[in-house]
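Participant: For chain A, the structure is supplied; the task is to place chain B on it using the hints.
The listed protein sequences derive, respectively, from chains A and B.
Residues in the first sequence are numbered from 1 upward in steps of one, following this note's numbering.
Residues in the second sequence are numbered from 1 upward in steps of one, following this note's numbering.
For the record, the hints were derived by calculation from the structure and aren't laboratory data.
The reader is advised that the hints may include incorrect statements.
Derived CB-CB ranges, DEER-like [to be verified]:
id	chain 1	residue 1	chain 2	residue 2	range
1	A	Glu64	B	Lys15	43 to 53 Å
2	B	Leu96	A	Lys106	23 to 33 Å
3	A	Gly62	B	Arg9	24 to 34 Å
It should be emphasised that the depicted structure is a prediction, and the values quoted were computed from it without experimental measurement.
Heads up, the beta-carbon is just placed ideally off N, CA and C, and yes, glycines get one too.
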Amino acid sequence: AQSVTQLDSQVPVFEEAPVELRCNYSSSVSVYLFWYVQYPNQGLQLLLKYLSGSTLVKGINGFEAEFNKSQTSFHLRKPSVHISDTAEYFCAVSDLQAGTALIFGKGTTLSVSS
Amino acid sequence: EAGVAQSPRYKIIEKRQSVAFWCNPISGHATLYWYQQILGQGPKLLIQFQNNGVVDDSQLPKDRFSAERLKGVDSTLKIQPAKLEDSAVYLCASSLVRSAFLSTDTQYFGPGTRLTVL
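Bound conformation, chain A alone (with noise of 0.2 Å):
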């Protein structure tokens, strides 16, 4: 069966610091892999999706990913993190040939500290 494995449970950065969050999945089948952020009583919000073609994926807020098909996974980028990107961050997968739901991962707390 399809899983997500987040990396790092929790990341604390500074803020005007660079960071990356990591996700690695486990289907060799084709799949769509999506970064969503969660903030604080709210629901998810897709960040970036890589469904086909450039493999370096640019989002809202400054974030990018890039797949590596090779080693199944789909990290999380941004150059300058702000305050404001604290949050919680879900990496999901959608494996073509089991539909369209979404299987997520546990999640990446980043907290963005001055």
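Facilitator: Structure of chain B alone, referenced to chain A:
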């Protein structure tokens, strides 16, 4: 464009009681999903509707959970009777998806209903 609406936002009940959650998806969205998010975990799919038909309910605990989507618009998720382990946030999401498979449509999530079972 209005987002996915859910109510109530918070609910506290005692075990063995029943509870119902309501979801109004974005207008025109054919597919509706219910996810369960337990504290410290990512959301997990409970049930997926395509219009008013069920596409996937393989992870729905059918002895206590039920869901319906009458007329292919609003949806209700019910738990009866509730257990302590049902304490979670219940998220509703919708997407345009016209087909149950091979879709690139984004899923839009509502704010969720936080259920506490005492």
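Participant: Could you run down the list of hints and mark each one as holding or not?
Facilitator: For each hint, the structure was consulted:
1. Range check, Glu64 of chain A to Lys15 of chain B: Cβ separation about 45 Å, and the 43 to 53 Å hint holds.
2. In this structure, Leu96 of chain B and Lys106 of chain A meet the distance hint of 23 to 33 Å, their C-beta atoms being roughly 28 Å apart.
3. Between Gly62 of chain A and Arg9 of chain B, the C-beta spacing of about 30 Å keeps the proposed range 24 to 34 Å intact.
Checked against the numbered hints above, the structure violates none of them.
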